[in-house]
Amino acid sequence: MNFIFKLSKWQLFAWSTGLLLSAPLFFLIYESLQGDSEVFSHLWDTVLWDYITNTVLLIFGVCLLSCAIALPLGWLSAYCSFPGKKQFEWALMLPLAMPTYLIAYVYTDLLDYAGPVQIALREWFDWHSPTDYWFFDIRTLPGAIVMIALVLYPYLFLIFKTALREQSFKLVQASQLMGLSPWQSFFKVSIVLSRGSIVAALALISMETMADYATVSYFAVSTLTTAVYDTWFGYYSLTAAAKISGVMLLLLFLALMAERFSRRNQAVFERQSGVNSESLYKLKGKHAWLATSFCSVILLIAFIIPMLVLLNYAITYFDKAWNTAFFSYAWQSLKVAITVSVISIILATLIVFYQRVAKQGYSLIPGRLASTGYALPGTVLAIAVLLPLTVLENSINAALESYNLDIGLLLTGSIITIIVAYLVRFYAIAHGAIESSFVRISPSLDMASQSMGKSQGQTLRLVHLPLLRRGLLTAALLVFIECMKELPAALLLRPFDFESLATHVFQYVSDEQLELASISALFIVLVGLIPLYFINRSMEQRS
Amino acid sequence: MSRLNLQGVDYHYSGTHVLHNLDLTVGQDEIVCLLGASGCGKTTTLKAIAGLIEINEGSVFIDGKCVSDKHTFVSPEHRNIGMMFQDYALFPHLSVADNIAFGLGKISKVQKQQRVEEMLELVHLTGCAKRYPHQLSGGQQQRVAIARALAYKPSLLLLDEPFSNIDTQVRFELIADIRRIIKAQQVSAVFVSHSKEEAFAFSDTLAIMHQGKIAQQGTPEQLFAVPKTKEVAEFLGQGIYLGAEVLTATEYTTPFGVVQSQHEHTHSAIKGVVYIRPHHIELAQNTQADNPQSVSILSRRFIGSAYVYTVVIAEQEIEVAAQYGQSFEINEQVIIKIKPHTVNFFES
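Taken in order, these protein sequences are the chains called A and B. Residue numbering for the first sequence follows the numbering used here, beginning at 8 and increasing consecutively. Residue numbering for the second sequence follows the numbering used here, beginning at 958 and increasing consecutively.
For the record, the hints were derived by calculation from the structure and aren't laboratory data. A few of these clues could be false.
As the list claims (entries may be wrong) - Ranges between beta-carbon positions, derived for each pair:
1) A:ILE542 x B:HIS1050: 56 to 64 Å
2) B:GLY965 x A:SER462: 23 to 31 Å
3) A:PHE20 x B:LYS1066: 56 to 64 Å
4) A:LEU263 x B:LYS1187: 31 to 39 Å
5) A:VAL398 x B:LYS1066: 53 to 61 Å
6) A:PHE20 x B:GLN1143: 37 to 45 Å
Virtual Cβ for every residue (Gly too), placed ideally from N, Cα, C.
Model the full assembly from the supplied sequences, consistent with the hints where possible.
Below you can see the structure in the form of structure tokens.
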């Protein structure tokens, strides 16, 4: 009975945490299903369909362009050898560190009428006014598609490359012996065998695209994400914002279903135990240079040029960008990021430990529940978090009224809301990292410790925690980085006196003055490079 | 009083019945081996004893005290059991000395150090205290594991296939060594294995498990000579079944003549089968044409001191070693003779 009591302690904690962290999602679903909202009806009658169309077109366009970029890159990287391949393998993932709004700003600056590209063209061709020539407008839906795809293609590149590496070369070789050219075998064997991974990556890209607020807002492309923001700040209608979020949840659900559906047959595909470290095709001459050029152009456009422009801003405007505001915002961001990292690794460690000691199928549910927030776009999440916190705040105030006390907006008007929102959104990252570290600890260590008289709590403290040290650090770091980068939720939830590095940078982007926040922007990019280092290291270890 | 007693233990999960009405007794200072094929429930029995799973029916007693039944459950940390795992389960972040001291509880630092030194001496690892598990060989890691499991003087030691990761060349040397250590500490032990050679070398008593039950418990010699069931007979060594009828208390007729038993038996049925092991079979030159008791040599293998011949008897293939100097050719017809022994008769 003692054993059962001890289990209940962990159980109680895990289930209550799981339910608390998933509460915003349930509140959101409940709120979005509530009766009519005037604002929503008005939006429905007027612009909502345009927003939905724009969102779907944006997602479709980004997925298509990501395929065009990432599939050839993945194939070249997994199967071919060509000059610079080793460097491109990690360098081509660098764009992931670049927030889309930064790249959007940089290219707008470069390609605008007053930008260096058009100025140069006018000088070369002796054009004098806009009527003399046609030049595409980047601040459009296609422009947003290109910008977002340039940042998100690495997801597909990474996942497709890994999938190809895990397939046996024999399949491609067999297809070639049966008369297929490399090009044909790419389409008929490699792509077909990896379609599960491709769909999974595209689902991820779709979710990230839907979550994007900054780029579409900067380009004035109205999507569902901007609609949620505008409804909340324009009409102060939480119900309407929740209903729009509900529409987004539906799209999200479709993306997740597509991902699940694509995985249903994955087990039948041939997989080999290791990964291929050799190349199947050794490219020479013209082909080798074509491969190198393609990789170089993508890397140049997606990372090197924006990075150089940011560096140029930082150097040119150093005096104005290096100021106390930078440190003050960095400190605010750090404070929130550290708090969220610490809380999330504590919660995740205890929940994963419960999974481990309970060893039952249902013990996975609290972790899954707690991780649901990760799928929510930042704006949707912000609305979802506001709903229960508002209810809680109102209840506390109502209860305190008889004592003539009032906590005011202690929850929704303070940094607590942001911390809760980040916890809900990024708990899943900590959970995943800690779960994978826990799996590596042999269950016999637990049994050994218990047979030597240690309780479950002592086993956690004396055996697991020392062995999890690296996993905990990785988890904390990953959550920290995401918190530093998160923008839409912070924009919606920040109290008056709070400014994070990301909101500070975006403010300057919106005011067309990124130069003045260029050091903060560079800092965000550099922080974003850290997880790429880990991914690259783990890829190297696998091969 | 027995050290461990399992009575009618039942365990099932998600529709799988793993242990059925299992009874097991381990005496003071006795080493019992749970022997059986993979999936027969050996490790589950060990976990039930250790308290790592909760049984559904039956009871477990340690030193006469009930530690597990329908109403009682003593958690693993309060059972005073030492356990040695297949992968040794040494804590990689702790040194050898810290691993051994892990279960020593609230005693002074000096006492802890003293006990660690005693244990290191017992397992011949003096001087390795500061090393970490990854700096030791497989055999050394195993010695640390046994030292750690014995350090806090457990009532009972459980060993889960501890020799499966050890090189066959040094395995039996190590088995003898670990047995010496356990006997020196006067601890009762339950040892799980699927290898009968390991079981014979390590244990005082064997408990053969089959489909979640103890099929038979006894000394290795008893079980080998007088198996109660066909499963026990087959598990302990290769053999063939011959149709047989009971003639007298010591005689059985078979298609290969009358087989003499060295011990008297009483059987309720007349018809059945006898289980004949290869070392009870003798091959002899066939001097008579069309002898119905002759068999053909299928293949032969030289093992140094003699040849081992494969023959088919009653539609079952068996390898029989010939006597030194005896030699037969492939396809040659030979006569089968069955030597007098303690015959294992099973009723049909």
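Checked hints:
1. Against the hinted window of 56 to 64 Å, the Cβ-Cβ separation of ILE542 (chain A) and HIS1050 (chain B) comes to about 26 Å, which falls outside the hint.
2. The hinted range of 23 to 31 Å is satisfied by GLY965 (chain B) and SER462 (chain A), whose Cβ atoms lie roughly 30 Å apart.
3. Our hint of 56 to 64 Å for PHE20 (chain A) and LYS1066 (chain B) is violated, since their Cβ atoms are close to 34 Å apart.
4. At roughly 55 Å, the beta-carbon separation of LEU263 (chain A) and LYS1187 (chain B) lies outside the given 31 to 39 Å, and the hint is violated.
5. At roughly 55 Å, the beta carbons of VAL398 (chain A) and LYS1066 (chain B) sit within the given window of 53 to 61 Å.
6. At roughly 43 Å, the beta-carbon separation of PHE20 (chain A) and GLN1143 (chain B) lies within the given 37 to 45 Å, and the hint holds.
Checked against the numbered hints above, the structure violates hints 1, 3 and 4; every other hint is satisfied.
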